[in-house]
Amino acid sequence: MAKLRVGVVSPEREIWSGEADMVIAKTVDGEIGIMPNHAPVLGVLVEGGVLRVKRGAEGDLVAAVHGGFLSVADNDVSILAEAAELGDEVDVAAARDALQRAQASIDAGNNDAEAEEEARLEAKRARARLRAAGEDI
Amino acid sequence: MGAQLRLLRRRIRSVKSTAKITRAQELIASSRIVKAQQRMQAAEPYEKEITHAVSAVLSNTSNVDHPLTVAKENPATAGVLIVTSDRGFAGGFNANVLREAEALKNHLAERGIEAKPFVAGRKGITWHSFRGREMVAEWSGFSDNPSYGDAKRIAEALIESFKDEAGIDEIHIVYTRFVSMLTQSVQVTRVLPLEVEETEIEPTEGPMPYYEFEPTAGDVLDALLPRYIESRIFNALLQSAASEHASRRRAMKSATDNANELIRTFTQQMNQARQAEITQEISEIVGGANALADAAAGKE
Numbered sequence: 001m002a003k004l005r006v007g008v009v010s011p012e013r014e015i016w017s018g019e020a021d022m023v024i025a026k027t028v029d030g031e032i033g034i035m036p037n038h039a040p041v042l043g044v045l046v047e048g049g050v051l052r053v054k055r056g057a058e059g060d061l062v063a064a065v066h067g068g069f070l071s072v073a074d075n076d077v078s079i080l081a082e083a084a085e086l087g088d089e090v091d092v093a094a095a096r097d098a099l100q101r102a103q104a105s106i107d108a109g110n111n112d113a114e115a116e117e118e119a120r121l122e123a124k125r126a127r128a129r130l131r132a133a134g135e136d137i
Numbered sequence: 001m002g003a004q005l006r007l008l009r010r011r012i013r014s015v016k017s018t019a020k021i022t023r024a025q026e027l028i029a030s031s032r033i034v035k036a037q038q039r040m041q042a043a044e045p046y047e048k049e050i051t052h053a054v055s056a057v058l059s060n061t062s063n064v065d066h067p068l069t070v071a072k073e074n075p076a077t078a079g080v081l082i083v084t085s086d087r088g089f090a091g092g093f094n095a096n097v098l099r100e101a102e103a104l105k106n107h108l109a110e111r112g113i114e115a116k117p118f119v120a121g122r123k124g125i126t127w128h129s130f131r132g133r134e135m136v137a138e139w140s141g142f143s144d145n146p147s148y149g150d151a152k153r154i155a156e157a158l159i160e161s162f163k164d165e166a167g168i169d170e171i172h173i174v175y176t177r178f179v180s181m182l183t184q185s186v187q188v189t190r191v192l193p194l195e196v197e198e199t200e201i202e203p204t205e206g207p208m209p210y211y212e213f214e215p216t217a218g219d220v221l222d223a224l225l226p227r228y229i230e231s232r233i234f235n236a237l238l239q240s241a242a243s244e245h246a247s248r249r250r251a252m253k254s255a256t257d258n259a260n261e262l263i264r265t266f267t268q269q270m271n272q273a274r275q276a277e278i279t280q281e282i283s284e285i286v287g288g289a290n291a292l293a294d295a296a297a298g299k300e
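Protein sequence lines correspond, in order, to chains R and F. Just so you know, this note's numbering puts 27 at position 27 of the first sequence, and the rest follows in order with no gaps. Just so you know, this note's numbering puts 120 at position 120 of the second sequence, and the rest follows in order with no gaps.
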């Protein structure tokens, strides 16, 4: 069966590249699953989404992807993330800490709209990192 | 005579300490070039992919009328991003960039466009403020190791000004391209308005496949173009950083070579002076002894 060639790149470095059977990502329209021979797609990914790359025997590669794009053409899948972290690279303690701080800032509720938005985003990112690391939230 | 010897010795000592400093700078720069080059290479896949994505969208949408791709009919002002370094000691690095920026400014003036400088790097900022030139925006503190966040900050300011009716109508970047260890050339590129034909992908792959968009082509373009500009600016910053280290290495190498050459000539001069002193002392002693001997012979 045909395989997908997958590349996860951020502006600073190439995070991962290799072959896979299926890629699941979250675009602004909802989750999208890409299998070999998929039609060409260009999608905008959501902030704080989780990317799952199914590799069969090797197990799944999970990454937290913060914003960016998904482009599929001719069995080439590229994920262009502004920032991305592989699940096993995530510092769980730091992510939990960030989530707690963001949550506390939202709960306190004495922020202006912009700061609140920032805190919500921060919480979203932290959740994505934790989920990528396989932690329960 | 003795005074000259002392003088030469002092100069040799001072040149030697200068040589030590320039040599150290040279070594630091050479180690940093490698790092800067690696960062350039690491950023390459992203830039390639995003260029590919932009050209994919543009080739799929027949009527591209995104504010960032449309050329204004009568451009009146152009933003020029000038990428210089924070520190000197890099030979003609900053002078070359600034000279090219001046040429671009004159060139734009011929077309009736006023150039508005956006300056990155402390050297460019002082150059402008010394001449009393107004800068729209300035950034410094990251020239030798730029992060993507820096590129993002710069891109935001430029795009905002571009979208603003009263703001700039074109965006150009003047930076130093890192061709190789030995060659770096100043590059002037126009970033906006985007030239649709101007993609770095070879047309050999034939027509682009027909893409589906999530959610719509317009939305994808909206999100994609700012990222594309950020990545172009990030690339310019990285290239410039690598070039800065390369020119610093070269400048410091020739400074070290010059210092060693100076030390050599001074040492020679010093030896000559010392030898002359000795010769003179000997001839004085011999002359004195002869005079004494003559006087003694005359008495008898």
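Simulated from the structure, these hints should not be mistaken for laboratory data. Quick reminder that beta carbons are idealized off the backbone N, C-alpha and C, glycines included. Keep in mind that a hint or two might mislead.
A short, non-exhaustive set of chain F residues, derived as facing chain R with CB atoms under 10 Å [as the list claims (entries may be wrong)]:
| hint | residue |
| --- | --- |
| 1 | PRO75 |
| 2 | ALA76 |
| 3 | PHE213 |
| 4 | ASP222 |
Coverage of chain R stretches by chain F, computed from C-beta distances (three or more under 8 Å per stretch; other residues unrestricted) [unchecked claim]:
| hint | region |
| --- | --- |
| 5 | 4–12 |
| 6 | 28–37 |
| 7 | 65–73 |
| 8 | 77–88 |
Which constraints among the numbered hints does this structure fail? Numbers only, ascending.
1 and 2
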